[in-house]
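Number of protein chains: 4
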Amino acid sequence: MALTIGVDIGGTKIAAGTVDPEGRILRRAKAPTPRGDGEELAEAVAGLVRELREGEDTAPAAVGVGTAGFVDETRSRIVLAGNLGLADDPVRDRIARRVDLPVVVENDANAAAWAEFRFGAGRGCRDAVVVTLGTGVGGALIVDGELRRGRFGAAGEIGHYRMVPFGRRCACGNQGCWEQYASGSALVAEARALAAAEPKEAARLLEAAGGDPEGIEGPEVTRAAQEGDPAALRCFAAVGEWVGQGLADLAAILDPERFVVGGGVSAAGEILLEPARQAYARAVTGRATRRLADIRQAELGGEPAGIIGAADLALR
Amino acid sequence: MALTIGVDIGGTKIAAGTVDPEGRILRRAKAPTPRGDGEELAEAVAGLVRELREGEDTAPAAVGVGTAGFVDETRSRIVLAGNLGLADDPVRDRIARRVDLPVVVENDANAAAWAEFRFGAGRGCRDAVVVTLGTGVGGALIVDGELRRGRFGAAGEIGHYRMVPFGRRCACGNQGCWEQYASGSALVAEARALAAAEPKEAARLLEAAGGDPEGIEGPEVTRAAQEGDPAALRCFAAVGEWVGQGLADLAAILDPERFVVGGGVSAAGEILLEPARQAYARAVTGRATRRLADIRQAELGGEPAGIIGAADLALR
Amino acid sequence: MALTIGVDIGGTKIAAGTVDPEGRILRRAKAPTPRGDGEELAEAVAGLVRELREGEDTAPAAVGVGTAGFVDETRSRIVLAGNLGLADDPVRDRIARRVDLPVVVENDANAAAWAEFRFGAGRGCRDAVVVTLGTGVGGALIVDGELRRGRFGAAGEIGHYRMVPFGRRCACGNQGCWEQYASGSALVAEARALAAAEPKEAARLLEAAGGDPEGIEGPEVTRAAQEGDPAALRCFAAVGEWVGQGLADLAAILDPERFVVGGGVSAAGEILLEPARQAYARAVTGRATRRLADIRQAELGGEPAGIIGAADLALR
Amino acid sequence: MALTIGVDIGGTKIAAGTVDPEGRILRRAKAPTPRGDGEELAEAVAGLVRELREGEDTAPAAVGVGTAGFVDETRSRIVLAGNLGLADDPVRDRIARRVDLPVVVENDANAAAWAEFRFGAGRGCRDAVVVTLGTGVGGALIVDGELRRGRFGAAGEIGHYRMVPFGRRCACGNQGCWEQYASGSALVAEARALAAAEPKEAARLLEAAGGDPEGIEGPEVTRAAQEGDPAALRCFAAVGEWVGQGLADLAAILDPERFVVGGGVSAAGEILLEPARQAYARAVTGRATRRLADIRQAELGGEPAGIIGAADLALR
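Protein chains in written order, with the working numbering: chain A, 937 to 1252; chain B, 937 to 1252; chain C, 937 to 1252; chain D, 937 to 1252.
Bound conformation, chain A alone:
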């Protein structure tokens, strides 16, 4: 049985685990993330690998590393990772030199998406798009059973196709990007705007935020929606509709069998997915005759998914 080690390098901590071919994590380890020094980072990763191998007879087949930031198309360098304080860093070779095992590097979102595809809500299909609704909107494209990265490693930046001409400004410098409408930040902005414009309707959300619209945060919106608060449900309906429209656009282009929706906002489950499905069914081109893709909630949590996906990608 070929075991591999998966590593998830995040902005504050590195999580690693030994993973079996069925995607189960057998053993785990973690360490804080060193910032701004590629050698230290590689050493921290190598330390976790050593820790996981302690007492094991058999060497793992490979080490898969999912990292924050943008990875180049050869998957050996970090091009830019703002929250790691790194740019143009030869991360793969730095680690390989230390662990004496094959090392595969991948963007962390891709790694987590791959885990969903292989062992989570995407299993059993060959064409899927994994959409992660967090602060922004990220995505991973699986086409004919493979993760596709595009020519320059930047495929799946689905949060930055333009949804609305002259729409809300995005940190990427553009306007109207999908992630300004369908992300966790969008949910919060929706709730705050509602509270500012219609304080009576948003009384519960406002109360939880001490009366200040700007104090409203995502988890409270989710909680309120789960307890049936009409204002919170209205916010989820609005965001869900944008999610569904975006999936319809992706379906026109990619025609996948399934969409897997993960990230913080997806924790609300059907409260988000049901309006998304309805919007999707009303918006997708050719809807009278086409078979509609499934829209499912992600099943694995973020950190385990990152470890599992990185580990599994290391075998391919």
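Be aware that one or more of the hints could be misleading.
Per the computed footprint, the stretches of chain D lying under chain C, defined by three or more beta-carbons under 8 Å from a beta-carbon of chain C, are [what the hints assert, rightly or not]:
#1 991 to 1002
#2 1055 to 1068
#3 1096 to 1103
#4 1108 to 1116
#5 1171 to 1185
#6 1211 to 1225
These are computed hints drawn from the structure, not numbers from a lab. Computed from a predicted structure; not experimentally measured. The C-beta atom is built at its ideal place from N, Cα and C for all residues, glycine as well.
Once you've looked at the hints, dock chains B, C and D against the given chain A.
Positioned in the frame of chain A, the structure of chains B, C and D alone reads:
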């Protein structure tokens, strides 16, 4: 040297040819398209195959058929082809039974796009999107060197992702589809609207149309633009900008190395492509650091491309 | 008691009536509209005035004429009236010469709106906007109790402010005009698009149109909605929402006390007005604290309103 | 010669002046604005009035007060003035009691706009819209020679009609308000976004801001544009286009003879107005035949305009 036969079934005629592995058409034949009868259609195709084999010693390796309409994901049936008068037709088996050769069926737009990828403006790269700007906007996705059809055979309907919320109505039943802004029809609509609103500025276009804005047609807009008419150039600039924006959206999702732009509107060449490139460079996410995809004009004409692409796909 | 004569010049017929100061029509007359000849048109109007005066002892105080087309700011000339076949026609003097009475000319939409303001759904307020939802969207502004025509006589072209950047094309040459979303034509377009994209949902509408989406017409959509057909109600909800948004925009600019909604689409009454009111209440700026304007259905029919309004304006 | 006293109550200071019938300020006085206490505020105003009357034989005819915040339709109370810390304050009576003269209260933006209309860039016409492009976008409607306030005193909130469906979020709780595109804040946001997305192009703007896009401020953008910096000019072109589109929308509704454009952004003069005029001419409905309204830069500075306008309104 393995020769194959490529067939392009259009609404009015069927064009066929013997094609060599370098994508050259060695011999051609054509026949009118029978309407509304799958058996007659298959017989017409078989007749062309026989005609092309006449006097040849060696049998072709296979027959590739590109057909108008929507082909199912098993590539054996025409799901719906309005202008052939066919629905749910087992076209592959009907032809195979008659020619006693392997038969491969593909959507005609995909076939032509594949020819561009293999032997035209797309050669030499592994990730490309071929965009066809005709009456509508069609597309074909080449990812990691393969034509990708999506789970249900409908990938590449890029003309029907939503560009503008509440935008212009599309025949598909939606609003704001990209093809309402970036197609040949959009170019004509732009010219007609300009002529209606600013007849002086559009004097030349109006004159060529006998004074009636609704009489303006695409070829005249192209001709006027080529001769420097400011109104026609303004129309191309507008459409080109929409083309560029759409390519930027596709780049965010797919990150291809190259875009190949074909179809009737692309005959204007740089008059269209230059504003498209500028809009692309201003609109693509991450433009400060990313490598920009090439945007090139298609090189093969429509009909030869259909024959060549179908022939080449038959070998895969 | 000062009686006046009101005349409504439409594309096919001229309707005239003797009107008392309370806006009641005491006597009526009509004639076909001569096309393309200002003298004949004036003679036809004069003939109706003579007919109405027959047997009356007292001369009317004045003649008010509401006419199709665009009237200049001095209200003496028709600048352009396509469906009368007239341009730059000195209509007031032509008529005045014949009837030997003071003649006042007004655009017919303004005249009808004025009647609504004085004797219909607008009575009792000083600041109102009368919105006419017909083939297009027309409007009349009443500010501080007076009909306001703008500096060049073109105020109230509210159907042509831009609702959607790059939106649906308008006959005026622009894109995204309000009338492309909130008019009777918009209602029909909505129903046709729905029938094309979701034939099952629109079964009733399709059936009434013999199965062809393009055969669906406005009165049938209204009838179906009145009988509870969900597809038709969905169309009215969509159009009503656009109506409400437009009124919210007008409120931001003009802050009237009341909106009076007339024209063919308004015949559906609350089926249209209720979604309009809801959209208005959700969209108007400052909605948490501002007093919301009334939104009421027009009370007078089109032709009588035209006669009554023209007659009343003649006294001012 | 009837002199009046005009008072401009701003967030930090109160400016007052004695004004003659030609709109000249003969004498001036100022004081800091007391916050949060209506009586203190009235006393401060009364103190300035006394100071201005000192040594004058003749009493002024009236006192006109322009104040920040929202004034009710009877023009006697401040409904809400956030930056004065006042709500529902009977400001007119508080002042009148102290100065023993007729007192007229008006919103400060309306007062300044009125001055422009009477003595500045709007003089000589009867129908004008004064547009103030500051942090937000404000406006004042002059129809048939009178300032129009709407039924509830809120007319002219032109910055809050919706320009873009689902557009940029506005502090008013809505999305896509005009002021998010055409204000000084919009200019700054444009410059910052440009600097973030295309740092090379925006090198000069970035340099002046110490390299941080978020450090870019309006005056520097204006200065850079005046010195020909292409990036700054691009920002003004973008904002100017939105200004022109908005004026075109207002023209469709109100058809004024003239637009007077004031506020901080307008200091750039033709750099802003020329793209605005071009966009206006391309966007206004009926542009092939209609007479285009003038678009002129405001002539009076903000504070004098506030004093002069308030003083002049006091006489009406």
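Coverage of the region 1211 to 1225 of chain D by chain C (three or more Cβ within 8 Å)
With 6 residues close enough to chain C, the hint holds.
Within the region 1096 to 1103 of chain D, is the number of residues with a Cβ closer than 8 Å to a Cβ of chain C three or more?
holds (count 6)
Count residues of the region 1171 to 1185 of chain D with a Cβ under 8 Å from any Cβ of chain C, then say if the count reaches three.
holds (count 3)
Holds or violated: the region 1055 to 1068 of chain D covered by chain C, criterion of 3 or more residues with Cβ-Cβ distance under 8 Å?
Contact hint for the region 1055 to 1068 of chain D vs chain C: holds, 3 residues under 8 Å.
Do three or more residues of the region 1108 to 1116 of chain D come closer than 8 Å to chain C, measuring C-beta to C-beta?
holds (count 4)
Do three or more residues of the region 991 to 1002 of chain D come closer than 8 Å to chain C, measuring C-beta to C-beta?
violated (count 0)
The structure fails to meet hint 1 from the earlier list, while all remaining hints are met.
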